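Peer 1: For reference, the chains in residue letters:
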Amino acid sequence: MIAALAFYVFAAILIASAVMVVTSRNPVHSVLFLILAFFNAAALFLIAGAEFLAMILVIVYVGAVAVLFLFIVMMLDIDFSRLREGFQRYAPIGAVIGAILFLELLFVFGSWEFAPDAAALRLNAMPEGGVSNTHALGQLIYTDYVYLFQVAGLILLVAMIGAIVLTLRDKPATSRRQDIAVQVARAEAVALKQVPARTGLGQLGILRPALPEAPKPKAVHHDAHGHAHGHGHDDHHGGGHH
Amino acid sequence: MDAFLASPIGILAITVAQTLALLVPLLIGVAYMTYAERKIMAAMQMRKGPNVVGPFGLLQPFADALKMLLKETIIPSGASRGLFIFGPMLTLILALIAWAVIPVNDGWAIADINVGVLYLLAISSLGVYGIVIAGWASNSKYAFLGALRSAAQMVSYEVSMGLIIVTVLLCVGSLNLSDVVRAQKTVWFFIPLFPMFIIFFISILAETNRPPFDLAEGESELVAGFMVEYSSMTYALFFLGEYANMILMSGMTAILFLGGWLPPFDIAPFNWVPGPIWFILKICLCLFAFVWVRATFPRYRYDQLMRLGWKVFLPFTLGWLVLTAFVLKIMGWLPA
Numbered sequence: 001m002i003a004a005l006a007f008y009v010f011a012a013i014l015i016a017s018a019v020m021v022v023t024s025r026n027p028v029h030s031v032l033f034l035i036l037a038f039f040n041a042a043a044l045f046l047i048a049g050a051e052f053l054a055m056i057l058v059i060v061y062v063g064a065v066a067v068l069f070l071f072i073v074m075m076l077d078i079d080f081s082r083l084r085e086g087f088q089r090y091a092p093i094g095a096v097i098g099a100i101l102f103l104e105l106l107f108v109f110g111s112w113e114f115a116p117d118a119a120a121l122r123l124n125a126m127p128e129g130g131v132s133n134t135h136a137l138g139q140l141i142y143t144d145y146v147y148l149f150q151v152a153g154l155i156l157l158v159a160m161i162g163a164i165v166l167t168l169r170d171k172p173a174t175s176r177r178q179d180i181a182v183q184v185a186r187a188e189a190v191a192l193k194q195v196p197a198r199t200g201l202g203q204l205g206i207l208r209p210a211l212p213e214a215p216k217p218k219a220v221h222h223d224a225h226g227h228a229h230g231h232g233h234d235d236h237h238g239g240g241h242h
Numbered sequence: 001m002d003a004f005l006a007s008p009i010g011i012l013a014i015t016v017a018q019t020l021a022l023l024v025p026l027l028i029g030v031a032y033m034t035y036a037e038r039k040i041m042a043a044m045q046m047r048k049g050p051n052v053v054g055p056f057g058l059l060q061p062f063a064d065a066l067k068m069l070l071k072e073t074i075i076p077s078g079a080s081r082g083l084f085i086f087g088p089m090l091t092l093i094l095a096l097i098a099w100a101v102i103p104v105n106d107g108w109a110i111a112d113i114n115v116g117v118l119y120l121l122a123i124s125s126l127g128v129y130g131i132v133i134a135g136w137a138s139n140s141k142y143a144f145l146g147a148l149r150s151a152a153q154m155v156s157y158e159v160s161m162g163l164i165i166v167t168v169l170l171c172v173g174s175l176n177l178s179d180v181v182r183a184q185k186t187v188w189f190f191i192p193l194f195p196m197f198i199i200f201f202i203s204i205l206a207e208t209n210r211p212p213f214d215l216a217e218g219e220s221e222l223v224a225g226f227m228v229e230y231s232s233m234t235y236a237l238f239f240l241g242e243y244a245n246m247i248l249m250s251g252m253t254a255i256l257f258l259g260g261w262l263p264p265f266d267i268a269p270f271n272w273v274p275g276p277i278w279f280i281l282k283i284c285l286c287l288f289a290f291v292w293v294r295a296t297f298p299r300y301r302y303d304q305l306m307r308l309g310w311k312v313f314l315p316f317t318l319g320w321l322v323l324t325a326f327v328l329k330i331m332g333w334l335p336a
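As they're listed, the protein sequences go chains Y and A. According to my numbering, numbering within the first sequence proceeds without interruption in unit steps and concludes at 242. According to my numbering, numbering within the second sequence proceeds without interruption in unit steps and concludes at 336.
I should point out that these hints are in silico values taken from the structure, not numbers from a laboratory. The structure displayed is predicted, hence computed values, not measured ones. Since no wrong hints were added, every one of them can be taken at face value.
Simulated coverage check for chain A against chain Y, where a stretch passes if three residues somewhere in it have a Cβ under 8 Å from a Cβ of chain Y:
| hint | region |
| --- | --- |
| 1 | 104–115 |
| 2 | 118–128 |
| 3 | 131–144 |
| 4 | 150–163 |
Derived CB-CB ranges, DEER-like:
| hint | chain 1 | residue 1 | chain 2 | residue 2 | range |
| --- | --- | --- | --- | --- | --- |
| 5 | A | Ile97 | Y | Leu5 | 20 to 28 Å |
| 6 | A | Pro274 | Y | Ala136 | 33 to 41 Å |
| 7 | Y | Ala136 | A | Ile97 | 26 to 34 Å |
| 8 | A | Arg47 | Y | Ala136 | 51 to 59 Å |
| 9 | A | Ala111 | Y | Ile100 | 40 to 48 Å |
| 10 | Y | Glu113 | A | Ile74 | 56 to 64 Å |
| 11 | Y | Glu104 | A | Ile198 | 49 to 57 Å |
| 12 | A | Arg301 | Y | Ala91 | 47 to 55 Å |
| 13 | A | Arg301 | Y | Leu103 | 50 to 58 Å |
| 14 | Y | Ala95 | A | Met306 | 41 to 49 Å |
| 15 | A | Ile97 | Y | Ala64 | 17 to 25 Å |
| 16 | Y | Lys193 | A | Pro76 | 55 to 63 Å |
Think of the CB as a built atom: it goes at the ideal place given N, C-alpha and C, for glycine as much as any other residue.
Using the sequences and the hints, build the whole thing.
Peer 2: Here is the structure:
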């Protein structure tokens, strides 16, 4: 009874948030409703006993994909009136696609009603024999269908290389790549030179008054100790954090 | 009585009681974490720290909480009202619900589920939403920049954290957190997986937006980042969320690498101490390291942060994962 109640609650919220994804005016709100829809789908997975899939749905879709969506949508400066412009034109096509999908789903799930034998053919969501979800999925992916899994990986690798090739521009004129060695290296122009102290003053004709009662005119007057005092460690890091 | 406890209402009552038994000490811990941080940092900088409110300043956290409660909540007129309040709430909620699967002792978890590690990973990957929503809803450029930084940062470090957790799971053979701890009976995982332990610790610093990775706040250039528009209780919720997250991540470190509730040696004086005490001590050790790092290191530059995550940690953890799998397979140590 509780499971059925939970199912209807989650399913209702799922459908409502899916509708809000399409209809809400602000695209950021759309993405947030999409996240809510993901969550409710994960809850439905949990009710069906597919705990691993539920967690993966949250980690992959909510934790990574939707973050990127939100990232992009927030940074775009979207003109809402232009977004609505083509609605009249594209509505029929969208409606046709939706109707086709609906019919297909009707055929798939309706067949359990029309042909009772079909219901026996569908796979059980829960594996038999006390095997956990994770174990069963690992067995399927990494043992039974390992070659297909490798092929999927290769396809992804090709896609990744393609994306890198398309976007990587290695032209020195336009790219601003960091080369730390070059940036830190000392160029000739800023070479340090040791200049004997106070030699310039005499040449420039700058004369300083003689020190009073000086027994012998000293070239350099050291007051290194006087400097060291004004510099104590009194930088005060505030108690609060922010 | 037994019949009542087995009924749905009884189960609900037990769960609520368990949750309260976990959350109340946790929130007190959060309050005293702020106090401990200020005291430890003061000691490291040769100051006194809070010492006025109560003996040794022990009532300071409650004074701060009261101050926050009494202040006015200001919502900027350009802000998206609902989301503006929802952001900080989400941050704290996520930091608290993750505790549902943390085993404090053998069998002491509110939900001892088979996919506990995945649950933790899922919840911690959601933490970024609180910050992103707050940054966007504030309608301020500083807040928005802070939110963008934080989003990129948390997504980057999650990848290497996931790989580290996979390495630990390879040695355990189960996704259940209690099993992870039980697998460390012979040796705690921080010894065989020492580089992973260090990288995990650095990653949780980045994941919780703590110094030296607190670029989302970056008070020198972004004022306070995503929380610049927040005041009073909404600000306090962010604060509580951050500290609860720190404690959570320390708990994760304790479970994955430091043997959870297990004593360091299973001999006389050590195994007299009950498991939860050991668990709390390990969490405190990690939290001390958090504060120590904050008092010691300057903030990273943003590109250095990204470089560290993607170009250093990710290849290294990936390589170590392959190495671990290889060694386990060759030596026949793979758990059944």
